[in-house]
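Protein sequences appear in the order of chains A and B. Per the working numbering, residue 1 is the first one in the first sequence, and the count goes up by one each step. Per the working numbering, residue 325 is the first one in the second sequence, and the count goes up by one each step.
FYI, nobody ran anything at the bench for these hints, they're computed from the structure. Glycine included, C-beta positions come from ideal geometry on N, C-alpha and C. Wrong hints could be hidden among the right ones.
[Said to hold, decoys possible] Dumping the calculated DSSO-like pairs for lysine-lysine here, alpha-carbon to alpha-carbon at most 27 Å: (1) Lys116/A - Lys192/A; (2) Lys44/A - Lys317/A; (3) Lys75/A - Lys457/B; (4) Lys451/B - Lys75/A; (5) Lys451/B - Lys317/A; (6) Lys227/A - Lys116/A; (7) Lys483/B - Lys457/B; (8) Lys317/A - Lys483/B.
[What the hints assert, rightly or not] Across the chosen pairs, the derived CB separations fall in these ranges: (9) Pro34/A - Met454/B: 48 to 58 Å; (10) Glu29/A - Glu573/B: 42 to 52 Å; (11) Ala568/B - Pro246/A: 25 to 35 Å; (12) Asn319/A - Ala560/B: 43 to 53 Å; (13) Asp513/B - Asn319/A: 40 to 50 Å; (14) Lys225/A - Lys457/B: 47 to 57 Å; (15) Glu573/B - Ser171/A: 16 to 26 Å; (16) Asp399/B - Ser213/A: 52 to 62 Å; (17) Asn319/A - Glu573/B: 50 to 60 Å.
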Amino acid sequence: MYSQGLKDAEGQLEPAELMAEFQARIDREEKIEPRDWMPEAYRKTLIRQMSQHAHSEIVGQLPEGNWITRAPSLKRKMILLAKVQDEAGHGLYIYSATETLGVTRDQLTDELLTGKAKYSSIFNYPTPSWADIGAVGWLVDGAAIMNQVPLCRSSYGPYARSMIRICKEESFHQRQGYEIMTVLARGTAAQKDMAQRALNRFWWPALMMFGPSDKDSKHSEQSMKWKIKRFTNDELRQKFIDATVPQAEHLGLTIPDPELRWNEETGQYDHGEINWQEFIDVIKGNGPCNKERLQARINAHEEGEWVREAAEVYQQKQNQEEAA
Amino acid sequence: MNQDLYQFALRLADTSLTMGQRLAEWCGHGPYLEEDVALTNVSLDLIGHAQMFYQLACDNSETSTSPDDLAFLRDVPEYRNPLITELPRGDFAYTTLKQYFIDVYHLHLYQQLSVSSDEQLAALAQKALMEVKYHLSRSEAWCQRLSLSTEEAHEKMQKALDDLWFYTPELFETDESMQRLMTASVIPDMGAIQTVWQQQTEQLLEDCQLAKPENGWMATGGLVGEHTEHLGYMLADMQFLQRAYPGCEW
Ligand SMILES: [Fe+2]
Ligand SMILES: [Fe+2]
Chain A
1 MYSQGLKDAE GQLEPAELMA EFQARIDREE KIEPRDWMPE AYRKTLIRQM
51 SQHAHSEIVG QLPEGNWITR APSLKRKMIL LAKVQDEAGH GLYIYSATET
101 LGVTRDQLTD ELLTGKAKYS SIFNYPTPSW ADIGAVGWLV DGAAIMNQVP
151 LCRSSYGPYA RSMIRICKEE SFHQRQGYEI MTVLARGTAA QKDMAQRALN
201 RFWWPALMMF GPSDKDSKHS EQSMKWKIKR FTNDELRQKF IDATVPQAEH
251 LGLTIPDPEL RWNEETGQYD HGEINWQEFI DVIKGNGPCN KERLQARINA
301 HEEGEWVREA AEVYQQKQNQ EEAA
Chain B
325 MNQDLYQFAL RLADTSLTMG QRLAEWCGHG PYLEEDVALT NVSLDLIGHA
375 QMFYQLACDN SETSTSPDDL AFLRDVPEYR NPLITELPRG DFAYTTLKQY
425 FIDVYHLHLY QQLSVSSDEQ LAALAQKALM EVKYHLSRSE AWCQRLSLST
475 EEAHEKMQKA LDDLWFYTPE LFETDESMQR LMTASVIPDM GAIQTVWQQQ
525 TEQLLEDCQL AKPENGWMAT GGLVGEHTEH LGYMLADMQF LQRAYPGCEW
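Isolated chain A, as found in the complex:
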């Protein structure tokens, strides 16, 4: 069969019939499964997005893990431990789902540790106070939910299915974070101040989690067509703002944006300009904690090398014994 080659976004030549059939399946809301034909660019986009997501779950353990040993009560300690453990679990599911696209976890880990792969910019911000644990749960897990709920309908089956499970846990995390903030906001003046400072620190970085503004987002259009994305960055960001502002008001905390106001006409909140230069800097590696976060992962990987090697050698010996 002769087919005219079509260059896709990655410059790959793909047969037009297959491309058309693929798009038709997506338009019919059919799930694409690992053994199905897919354009190379679709595969690559998914690998990039899913591995970034998995890396974010793993690096995301660190800013909160920072407070496990110092959590202020046994209950809070257990909730936080379980939460950070959930994030490791999310990383595991998503790595497995990514592996169905023909990459290995070792490759992906290597890309993270060498700085080749990105992870969410939010985890490069510090959590200097206990209230940051509340703010992270409330805002960061909250923003993650906004991003991830539409991903439960992603056209790629394994990703969509892993997201369904993960979203349930994320909304639990969001509630727990908000609860920490509630207790602090109703507490002593010092506790309330702690909560306000954490909101000040995390508000803008949380908004940046949705990625660049639509006019600057290079991956959006094709991803929308392939239903890897369902909403644009700005749409999701707006949803998040609209959902979160009343929550902050309920806490009696002030969102650090003097331009934030309700717009009767649009039925949405208008907000101030995001500092995109900061976003670019943090993505490029110049955020407050980029080096620390990556170094922590590198250390864990290097210090664990002998353990992984030992486990492998032991397994080989066991296999040999069984064979003998």
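Position chain B with the ligands relative to chain A; hints supplied.
Coordinates of chain B with the ligands only, in the frame set by chain A:
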């Protein structure tokens, strides 16, 4: 008797809490993601046990107190854990072997406590026992994996054993208060627990081709609140918020 049970409950709770607190330091830093999750599981269980036993202590306390008060507002001399559980996290071999020693200790102790004449204690021990069995199967498997694989791993296990071995007899120490509980069959004969502990661990060390060290400093002191330098740092870290902002809700 209440005072004796209070003290013993603290011994159990402090042991589990310090173990859980050290294990929690691995969260986000384990050698595998899967191990990260597993270590956190064990840590969570242990902190859960601590909370349970602190509650038992509260129920037997002469003054009104709470599990959080006991965990966060007592200083080093009031902590009753054996020294081994407050030692620094160390490397994965050290963590694994320490965990194994404590798991075997907990297994036999909770097995006996689950038939205690004190019904509340018996019920709690039974509950903890279920989880300890899982912890032990994990730490035992890791001891074998590490000892019987590469030379490097075996060396690290041997080093861990050399460092930890003389901290283990303290696990079975008793004081007058515990002896009264033993007489009343509230707690088992710790000497008997030590015998089975020794049989089991020495068998594993032999299977793992690890050599018991000949001599070293013999740890003691937990029961009378005499601790290593490490516990102070652990508590400073753990109790920071409660100490810096007294009387707050969290
Ligand atoms: Fe997550
Ligand atoms: Fe989460």
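So, going through the hints one by one against the coordinates:
1. Lys116/A - Lys192/A: violated (40 Å)
2. Lys44/A - Lys317/A: violated (38 Å)
3. Lys75/A - Lys457/B: Given pair Lys75/A, Lys457/B holds - Cα atoms ~24 Å apart, limit 27 Å.
4. Lys451/B - Lys75/A: The given pair, whose Cα atoms are some 18 Å apart, holds under the 27 Å limit.
5. Lys451/B - Lys317/A: violated (37 Å)
6. Lys227/A - Lys116/A: With a Cα-Cα distance of about 26 Å, the restraint between Lys227/A and Lys116/A holds, given a limit of 27 Å.
7. Lys483/B - Lys457/B: holds (26 Å)
8. Lys317/A - Lys483/B: holds (23 Å)
9. Pro34/A - Met454/B: 48 to 58 Å: Violated - the Cβ-Cβ distance for Pro34/A and Met454/B, about 38 Å, lies outside 48 to 58 Å.
10. Glu29/A - Glu573/B: 42 to 52 Å: With Cβ atoms ~48 Å apart, the hint holds.
11. Ala568/B - Pro246/A: 25 to 35 Å: At roughly 32 Å between Cβ atoms, Pro246/A and Ala568/B fall inside 25 to 35 Å, so the hint holds.
12. Asn319/A - Ala560/B: 43 to 53 Å: holds (48 Å)
13. Asp513/B - Asn319/A: 40 to 50 Å: holds (44 Å)
14. Lys225/A - Lys457/B: 47 to 57 Å: holds (53 Å)
15. Glu573/B - Ser171/A: 16 to 26 Å: Taking Cβ atoms as reference, Glu573/B and Ser171/A lie about 24 Å apart, which means the hint holds.
16. Asp399/B - Ser213/A: 52 to 62 Å: Check passed, 54 Å falls within 52 to 62 Å.
17. Asn319/A - Glu573/B: 50 to 60 Å: Because 55 Å falls inside the window, the suggested range holds.
When held up to the earlier numbered hints, the structure conflicts with 1, 2, 5, 9 and fits the remainder.
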